[in-house]
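*Asks:* Start counting at 1 in the sequence shown, then tack on 6, and there's your number in our numbering.
Treat the hints with care, since some could be wrong.
For lysine-lysine, the following DSSO-like pairs were computed, each having C-alpha atoms within a straight-line distance of at most 27 Å [unchecked claim]: (1) Lys-69 / Lys-17; (2) Lys-69 / Lys-156; (3) Lys-157 / Lys-17.
Since the hints were derived computationally from the structure, they do not count as laboratory data.
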Amino acid sequence: MNQTDRTLIKKVLTDVAKEFAFMFADDWSEQQDVMPPYINAEMSFSGPYTGKAIMVTAEELCKEMMSNVLGIDEEETDIEVEPKDALCEFLNIFCGNFLTSLAGTEPVFELQPPSADEINEEQWEKIKQDESFVKLSLDDYPLYISVEYKKE
7 MNQTDRTLIK KVLTDVAKEF AFMFADDWSE QQDVMPPYIN AEMSFSGPYT GKAIMVTAEE
67 LCKEMMSNVL GIDEEETDIE VEPKDALCEF LNIFCGNFLT SLAGTEPVFE LQPPSADEIN
127 EEQWEKIKQD ESFVKLSLDD YPLYISVEYK KE
């Protein structure tokens with residue numbers, strides 16, 4: 007991933023975090039770490055560019071997103087929304103905004119629904135070291151994001 011891509015990812019993520027999740031993105035600090043569980047969300051896209059976007063964070067951030075976006079408190083038990091669903095929706099909105107920033111508003115993209123799964127500590131540590139991920143802090147929680155694409 008080149009520096010232009012990294013800059014665009016940071017800009018789009020910062021804007022989406024502020025507008026959608028009412029959260030603030032900042033530069034990542036190695037001192038920030040969180041306890042498991044960790045969530046990995048992925049989605050693919052096709053059109054003028056084909057690729058996939060991956061977002062990885064702690065479940066605690068997903069709970070914060072859920073609370074901010076839906077007004078749902080984690081103690082509410084009569085709902086069928088899981089914290090990882092909030093990360094999927096955040097990734098979906100990010101991806102749409104990223105592709106629009108990359109290709110403009112005219113091209114049509116097909117976005118596959120995002121999916122999310124819990125990852126283990128070993129996978130989390132591997133992602134933390136992976137240079138293909140942009141590392142940011144979202145309301146003091148670490149967030150790792152990668153967008154891989156090629157022009158069709």
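*Asks:* For which of the previously enumerated hints does the structure constitute a violation, in increasing order of number?
*Replies:* 2
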